[in-house]
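Chemist: Here is what each chain is made of, one letter per residue.
Number of protein chains: 2
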Amino acid sequence: MEVQSIQVEKNTAPKEKPMTDQLEFGRAFTDHMFVMDYSDELGWHNAKIQPYQPLSIDPSSMVFHYGQSVFEGLKAFRTESGEVQLFRPTKNFERMNKSNERLVIPEIDEEFVLQALIKLVEIDKDWVPGADGTSLYIRPFIIATEPFLGVAPSRNYKFIIILSPVGSYYKEGIDPVKIAVESKFVRAVKGGTGEAKTGGNYAAGLKGQEDVAKDGYSQVLWLDGVDRKYIEEVGSMNVFFKINGEVITPALNGSILPGVTRDSVLQLLQHWNIPVSERRVSMQELADAHADGTLEEAFGSGTAAVISPIGLLCWDGKDYHINNGETGELSKKIYDTITGIQYGKLEDPFNWNIQVTQKAKVNQ
Amino acid sequence: MEVQSIQVEKNTAPKEKPMTDQLEFGRAFTDHMFVMDYSDELGWHNAKIQPYQPLSIDPSSMVFHYGQSVFEGLKAFRTESGEVQLFRPTKNFERMNKSNERLVIPEIDEEFVLQALIKLVEIDKDWVPGADGTSLYIRPFIIATEPFLGVAPSRNYKFIIILSPVGSYYKEGIDPVKIAVESKFVRAVKGGTGEAKTGGNYAAGLKGQEDVAKDGYSQVLWLDGVDRKYIEEVGSMNVFFKINGEVITPALNGSILPGVTRDSVLQLLQHWNIPVSERRVSMQELADAHADGTLEEAFGSGTAAVISPIGLLCWDGKDYHINNGETGELSKKIYDTITGIQYGKLEDPFNWNIQVTQKAKVNQ
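The listed protein sequences correspond, in order, to chains A and B. Under the numbering used here, the very last position in the first sequence is 1217; numbers go up by exactly one each time. Under the numbering used here, the very last position in the second sequence is 1217; numbers go up by exactly one each time.
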């Protein structure tokens, strides 16, 4: 499909934009959305940008029953000069196709949906907030829409992109969180859907999250589903540890989501010549490093928060304080560098940004 | 809530009913549906029976993104005297509340939704087909509807019941299927959502199913996610084996769905004084029993097919023929007895049936 084929129906009753200082995460949506349909006969078709509106979906649509869905999350940023740029969107559409394969959802044309996204953000560019720490959160997703109650891949889908202006994740700079190591529930297991970005992984995580929240922890640290020893993710983020000068993150083993921010962190560390390894890491290894004083920093990485320092880990009833509960120097440097690149304040040596308001660059 | 509080809006444009001999599974739906809403402020409220119609749902509704949903499946049958009866519906709503707990969805009032279901089926009773082997498939489900992109339990839900007249699962009597033992993909793992009836479990199973279908197998046999040795389920059914006169089914270990038909089979076997055990059973044990000639029968159990005999198992490239690929005597006896009770042809010693068209019985 050509981007020129996208029908555009402008919203004739635009909404009032929320005040920049009152932005919450994922509650306000812009005036337009992108939608396209899939059928076995026509493939992906009927691509259009239309006013943001409710979907009219049959109650027997398969997404409601058998969870056949995938999604992505990325952001657009307004630079100081007023331009709008996307952070690594090609990585997201590439990952969406990997998720599609696992969930038996038809492949999307990555270049086409990128152009569609750029067109959508351009139309709603006034919704990209400009204040410090704010951005436009972008949610592409695919749902199975065939009206059929049998357990089988759907023959119809909708691919949708919605946009949400979001505030700064941290009200007053980045702030370390308290994390509980989950011993009862499992997020995902090798052979399951853990490396795909699909609803079921998040649904599985809600109960553990709810249980630890009662005790004042903001997230859980997920262990592997086989041995219940090895670290996988933290909340819905990837996780990193700095031990004795080396940065370690769990290797992508099939049950861990290959995060785009995770990849950015790894690239930055290599660029800085900081020793880094992707490998299996157990909670016991972490506890041992804590005991001998070599566990220097710990942080989560994800699109929403970018970097979320971990100040405390609770494992089997014992508290492990990390870096005196303060944000580590490296954690801060990574956060400042990634956000600096995202807002166009720093050089972009990796060509991570794609301009929305200078489209020529995209087609290079 | 009282059943009297349910608002009823009759469909003024009823559809034509499909021909009984052309009924497929889960493609045709009746004239009405039951819907109720949940909010933190009002709890479950706004219960109504209305014409079957598309749902109008915000694209940011959490079910599309984080898979927070549960469902049930049960059937209503028309007896020879024309009455309509439900098979063990209380078990389904009891299980739905267990699924709700795992998925952090608010509890439903089991007695109220049963009465709502009876009222709905009564209104659409002409849709319950009468031909041999046909029935009315009932699908209660709950979806998270809060328009919010954060990973947290939703604050709004819809509970919906839709009805679908379905044909006989077997066109010409029950027929053994060919099954491949899945070695790459995992359906669920202990600590995950396997014992809850939620979409993510079914989404996870699609890929394995698609892969073996290419080789002519109709379903996969799922092994456990930890050791990859022990048998869990077959397709979306529970599984039973008859070895040397004893019937064995995998014990409910946290990753296996507690099937209503599974429970019915267990009760029947105990009633008949046939030795039965719920325990861990490995593929190797099955292969050994096959080798020494004591693997007598194998079958799946579920609401759709009731009993699905397994004629062939393929494990690591080797074929294991069971009972010469024919339906076993016990498999047939269980099928005939359960369907006999469902259609009111046999005595119902366990009080499994609930009359729809003789409501007094339900309130006992």
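Bear in mind the hints are in silico, worked out from the structure with no lab data behind them. Do not rely on the hints blindly, as some may be mistaken.
Simulated DEER-style distance windows between Cβ atoms [claimed, not checked]:
#, chain 1, residue 1, chain 2, residue 2, range
1, A, 1064, B, 861, 19 to 25 Å
2, A, 1124, B, 1132, 22 to 28 Å
3, A, 1082, B, 1003, 49 to 55 Å
4, A, 893, B, 857, 34 to 40 Å
5, B, 1146, A, 1170, 51 to 57 Å
6, B, 898, A, 909, 21 to 27 Å
7, A, 1068, B, 1132, 58 to 64 Å
8, B, 896, A, 1172, 33 to 39 Å
Below, a sample of chain A positions facing chain B; criterion: calculated Cβ distance under 8 Å [unchecked claim]:
#, residue
9, 907
10, 955
11, 994
12, 1017
What you are looking at is a predicted structure, and each value in this text was computed from that prediction instead of being measured. All C-beta atoms, glycine included, are put in the ideal place defined by N, C-alpha and C.
Chemist: Each of the hints needs a verdict: does it hold here or not?
Modeler: Each hint tested on the structure:
About 40 Å separates the C-beta atoms of residue 1064 of chain A and residue 861 of chain B, a value inconsistent with the hinted range of 19 to 25 Å. In this structure the supplied range 22 to 28 Å is violated for residue 1124 of chain A paired with residue 1132 of chain B, their Cβ-Cβ distance being about 55 Å. Residue 1082 of chain A and residue 1003 of chain B have their C-beta atoms about 30 Å apart, which leaves the hinted 49 to 55 Å range violated. Distance hint for residue 893 of chain A and residue 857 of chain B: a CB-CB separation of about 46 Å, inconsistent with the stated range 34 to 40 Å.
With their beta carbons about 52 Å apart, residue 1146 of chain B and residue 1170 of chain A fall inside the hinted range of 51 to 57 Å. Against the hinted window of 21 to 27 Å, the Cβ-Cβ separation of residue 898 of chain B and residue 909 of chain A comes to about 23 Å, which satisfies the hint. For the pair residue 1068 of chain A and residue 1132 of chain B, the beta carbons lie near 36 Å from each other, so the given range of 58 to 64 Å is not met. With their beta carbons about 37 Å apart, residue 896 of chain B and residue 1172 of chain A fall inside the hinted range of 33 to 39 Å.
Using the Cβ-Cβ criterion of 8 Å, the hint placing residue 907 of chain A at the interface with chain B is satisfied: the shortest such distance is roughly 4 Å. Below 8 Å, beta-carbon pairs count as interface contacts, and residue 955 of chain A has one with chain B at about 6 Å; its hint therefore holds. Proximity of residue 994 of chain A to chain B holds as hinted, the smallest CB-CB distance being about 6 Å (cut-off 8 Å). Restraint check, residue 1017 of chain A versus chain B: the minimum CB separation of about 6 Å is within 8 Å; hint holds.
Against the hints set out earlier in the document, violations occur for numbers 1, 2, 3, 4, 7.
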